[in-house]
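J.: Listed below, chain by chain, are the residues.
There are 2 protein chains.
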Amino acid sequence: MRLDDAVGRLSALAHPSRLAVFRLLVQSGPEGLAAGAIAERLEIAPPTLSFHLAQLASAGLVASRRDGRSILYSADFTAAGELVAYLYENCCAGGCEPAVHLPPVRRADRRTEP
Amino acid sequence: MRLDDAVGRLSALAHPSRLAVFRLLVQSGPEGLAAGAIAERLEIAPPTLSFHLAQLASAGLVASRRDGRSILYSADFTAAGELVAYLYENCCAGGCEPAVHLPPVRRADRRTEP
DNA sequence: AAGATGTTTCGATATTTCTAGAATTCTCGA
DNA sequence: TCGAGAATTCTAGAAATATCGAAACATCTT
Numbered sequence: 002m003r004l005d006d007a008v009g010r011l012s013a014l015a016h017p018s019r020l021a022v023f024r025l026l027v028q029s030g031p032e033g034l035a036a037g038a039i040a041e042r043l044e045i046a047p048p049t050l051s052f053h054l055a056q057l058a059s060a061g062l063v064a065s066r067r068d069g070r071s072i073l074y075s076a077d078f079t080a081a082g083e084l085v086a087y088l089y090e091n092c093c094a095g096g097c098e099p100a101v102h103l104p105p106v107r108r109a110d111r112r113t114e115p
Numbered sequence: 002m003r004l005d006d007a008v009g010r011l012s013a014l015a016h017p018s019r020l021a022v023f024r025l026l027v028q029s030g031p032e033g034l035a036a037g038a039i040a041e042r043l044e045i046a047p048p049t050l051s052f053h054l055a056q057l058a059s060a061g062l063v064a065s066r067r068d069g070r071s072i073l074y075s076a077d078f079t080a081a082g083e084l085v086a087y088l089y090e091n092c093c094a095g096g097c098e099p100a101v102h103l104p105p106v107r108r109a110d111r112r113t114e115p
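Residue numbers (our numbering), protein chains in the order written: chain A, 2 to 115; chain B, 2 to 115.
None of these hints come from the bench; they were simulated from the model. It is possible that some hints are incorrect.
Claimed, not checked - Stretches of chain B that chain A covers, calculated by requiring three or more beta carbons in the stretch to come under 8 Å of a beta carbon on chain A:
{"#": "1", "stretch": "5-17"}
{"#": "2", "stretch": "23-33"}
{"#": "3", "stretch": "87-93"}
What the hints assert, rightly or not - Label-pair restraints from in silico Cβ distances:
{"#": "4", "chain 1": "A", "residue 1": "M2", "chain 2": "B", "residue 2": "R70", "range": "29 to 39 Å"}
{"#": "5", "chain 1": "B", "residue 1": "I72", "chain 2": "A", "residue 2": "S51", "range": "21 to 31 Å"}
{"#": "6", "chain 1": "A", "residue 1": "R66", "chain 2": "B", "residue 2": "P31", "range": "43 to 53 Å"}
{"#": "7", "chain 1": "A", "residue 1": "G37", "chain 2": "B", "residue 2": "G30", "range": "45 to 55 Å"}
{"#": "8", "chain 1": "A", "residue 1": "R3", "chain 2": "B", "residue 2": "F52", "range": "19 to 29 Å"}
Claimed, not checked - Pulled a few chain B residues facing chain A out of the computed Cβ check, cut under 7 Å:
{"#": "9", "residue": "L20"}
{"#": "10", "residue": "G69"}
{"#": "11", "residue": "G82"}
Using N, Cα and C, we set each Cβ at its ideal position, and we do this for glycine too.
I would like the entire structure built from these sequences, with the hints used as guidance.
T.: Structural data, given as structure tokens:
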């Protein structure tokens with residue numbers, strides 16, 4: 002992952018509404034949520050939300066698909082994971098293991114690489 | 002960590018120069034680097050670098066201390082770790098363990114500790 | 001086909017961010 | 001104390017971002 006890609010994803014998340022949207026989509030899982038539902042839930046005017054969703058999509062953090070009249074947005078977990086990995090490797094390397102403390106997810110699937 | 006704090010730190014890192022600065026400071030370890038050294042290394046005009054360092058400091062991501070004529074900046078590993086943890090918990094929860102794959106830094110490893 | 005619903009695009013404005021030259025502050029050595 | 005070195009602050013203009021009403025677009029229902 003290049004620095005510019007990381008900056009793009011960080012910029013996309015560096016706004017209260019967009020971070021809230023992304024968190025909500027993460028909570029909503031792979032099915033995602035309709036734009037209208039997001040707007041109502043977070044009390045964001047539809048055009049404004051559309052603008053923010055476009056930014057998240059442009060950064061590759063969310064995907065969209067039409068479902069009837071609605072458009073469902075869902076978090077791209079791979080992209081989010083890549084960003085976290087980038088930050089962990091580039092902005093924590095050597096110094097901040099103690100603070101990370103990632104217990105909420107099981108480590109059962111840990112890779113066994115040489 | 003509140004959402005607004007996360008946004009503050011994300012915003013601080015969401016700029017090519019600032020992300021480069023922070024990476025450099027992480028690589029430089031706890032001793033840090035003088036502002037002039039950073040400016041020279043990354044080819045950033047001093048006033049511009051000062052502006053970016055102030056943003057990073059304001060977000061709590063870097064600390065500074067005077068050393069003679071120089072001012073040394075160093076990464077705040079705790080703050081960085083908190084941000085990574087926040088993203089991991091709020092933006093990955095349940096979906097992106099595979100992508101994270103954090104092998105580059107071994108946990109509970111305390112190498113080259115003098 | 002017409003109307004209703006969900007979403008985006010357009011347009012105009014307000015706000016924030018970025019950049020770097022000039023001037024200023026602080027510190028050290030002579 | 002003076003001059004030089006290191007960094008910041010001041011300043012102002014350019015660029016990017018944010019907001020949302022109005023209008024347009026796509027889709028469903030009747």
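J.: Each of the hints needs a verdict: does it hold here or not?
T.: Results for each hint:
{"no.": "1", "hint": "5-17", "in the structure": "holds (count 9)"}
{"no.": "2", "hint": "23-33", "in the structure": "holds (count 6)"}
{"no.": "3", "hint": "87-93", "in the structure": "holds (count 6)"}
{"no.": "4", "hint": "A/M2 <-> B/R70: 29 to 39 Å", "in the structure": "holds, 38 Å"}
{"no.": "5", "hint": "B/I72 <-> A/S51: 21 to 31 Å", "in the structure": "violated, 44 Å"}
{"no.": "6", "hint": "A/R66 <-> B/P31: 43 to 53 Å", "in the structure": "holds, 47 Å"}
{"no.": "7", "hint": "A/G37 <-> B/G30: 45 to 55 Å", "in the structure": "holds, 49 Å"}
{"no.": "8", "hint": "A/R3 <-> B/F52: 19 to 29 Å", "in the structure": "holds, 24 Å"}
{"no.": "9", "hint": "L20", "in the structure": "holds, 6 Å"}
{"no.": "10", "hint": "G69", "in the structure": "violated, 25 Å"}
{"no.": "11", "hint": "G82", "in the structure": "holds, 3 Å"}
Hint violations for this structure: numbers 5 and 10, all remaining hints satisfied.
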